[in-house]
Amino acid sequence: MSAVTFNEGSLKDIMNHPDTVPAASAPAKPRPTPFFQTERGQAWLESAGNFFRATLPPVIGLVLFVLLWQIVSSSGGDQGLPGPAKTWESAKELFADPFYDNGPNDKGIGWNILHSLYRVGAGFGLAALIGIPLGFMIGRFRFLAGMTAPIISLLRPVSPLAWLPIGLYVFKETEPASLWVIFISSIWPIILNTAAGVSRVPQDYLNVARVLNLSEWKIFTRILFPSVLPHLMTGIRLSMGVAWLVIVAAEMLTGGTGLGFWVWDEWNNLNVEHILIAIFIVGIVGLILEQALVLVAKRFNYE
Amino acid sequence: MHNYLHIENAKMVFDTKKGKFTALTDINLTVKQGEFIALIGHSGCGKSTLLNLVAGLTTPTDGILLLSEREISGPGPERAVVFQNHSLLPWLTCFGNVYLAVERVFGAKEGKAKLKERTQAALELVGLAHAMHKHPNEISGGMKQRVGIARALAMEPKVLLLDEPFGALDALTRAGLQDELMRIVQETHATTLMVTHDVDEAVLLSDRIVMMTNGPAATIGEILEVDLPRPRDRLKLAENPQYHHLRGQVLEFLYQKHMKKAA
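Residue numbers (my numbering), protein chains in the order written: chain B, 1 to 303; chain A, 304 to 566.
Facing chain A, according to a computed beta carbon distance under 8 angstroms, are these residues of chain B, among others:
1) Asp204
2) Tyr205
3) Pro226
No lab work stands behind these hints, which were simulated from the structure alone.
Think of the CB as a built atom: it goes at the ideal place given N, C-alpha and C, for glycine as much as any other residue.
So here's chain B without its partners, still in its complex pose:
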């Protein structure tokens, strides 16, 4: 539908016009095409563009965050929060020797992180050990689900730290008490997600099991367990998140070692830089745990 129409004659005129076809008369030296016009160059440009589109927003966000932090800290004068630069210097010093040990109340940051991780691992591991089988049973037997439903709904919303005195009373020691708090607060997401996963195993898969007349053990290993696994991984991720949230608070109260204890200790020393560093450490370790579990969960996604 072009408004311009050519007839053969006018087209020939254009083709033969000296301005339009200079190459025919004097062949120019063959020049290599510029890199960014070749196919590889275009692909490179595109991937570079994608890279910047993905990384630019987070980088800008972080820079603004640090700026805001600087403004807040410098507006407070001498009594204000330590600024980013001061905190950074303090962190470098702190991480120069993370594993020193000067007796029970003065250990390197590395030890404190490891102690917190150990507590989370132990408390959470115990929760998984008990919560996963329990979740399977609750999902499989309706009677058991009915029995446990009121107990779970009653206990689940209880604030984790409310369990600490019970732990201290029963175990008479702080170490098992803090494990107990982690255990009791991280078990609910595991139980609930596992149970939900079991009750949502597609009827089609169970029909396959019935037609094949599989044994209970085969049903569990070949159908129930793989089918529940994605739900289970969600439960584990939520639990791990809760456990990591709770550990700092629990260690503040129980003392001794760990990130929570360290935060409280540095508060008593009025070392605010270290408190800020602790917040970053808690955040970064939590992020790493979460991402590791996301990676594991991806492995078990079949759809």
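Position chain A relative to chain B; hints supplied.
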């Protein structure tokens, strides 16, 4: 060829939230060994329910189902089912899916090597030897359905139950699989019950077509004998007047005598 599968006065009533729902009533059917039966009817007429009764996945409210003079009391591997939506386990490879069935049926008497051989043979039968180690999400819908068929056949069932096995496939893939199914059934002499809503498929494949009335309380309306010679060739049948006559009879049943009211 004696009476093999025997259904007498079967009735199926479901308990729903709105009260009792009679899906099937007065079902009487006798199937000979090696016979290919198509169950046809409008959607919701209970043809899948009837198939599930034979599979033993549901038990009838009333009536009796006998397989070689024994009552069907539950599902079992001698009645293999090819499900409508293939129902492959996504965490197992094609090989793993078939092997699970083979292991269950023959695992007690045969060694691992023999079981693997059987699995391989079943996948070769449906032309999938090359995709053996792929997972179901890596293959097409037609291939998945073929794995489903391989799984059923590998069990060497006495009765093969197919629930609209080709319903979700495109016409070309469907035709290819119908030809394969015809060839396989000819080779294995399996007694076959197939639910379908495709008139051409029913006439092409079956020895008898069981036409069902509309639900609720659906029952068998007419049974049509398909006396076309075997082996059948879909291209030659297109010019066969008997084929068109049979096709016309099924269409007449479905669209004149038992037209489904628009919902």
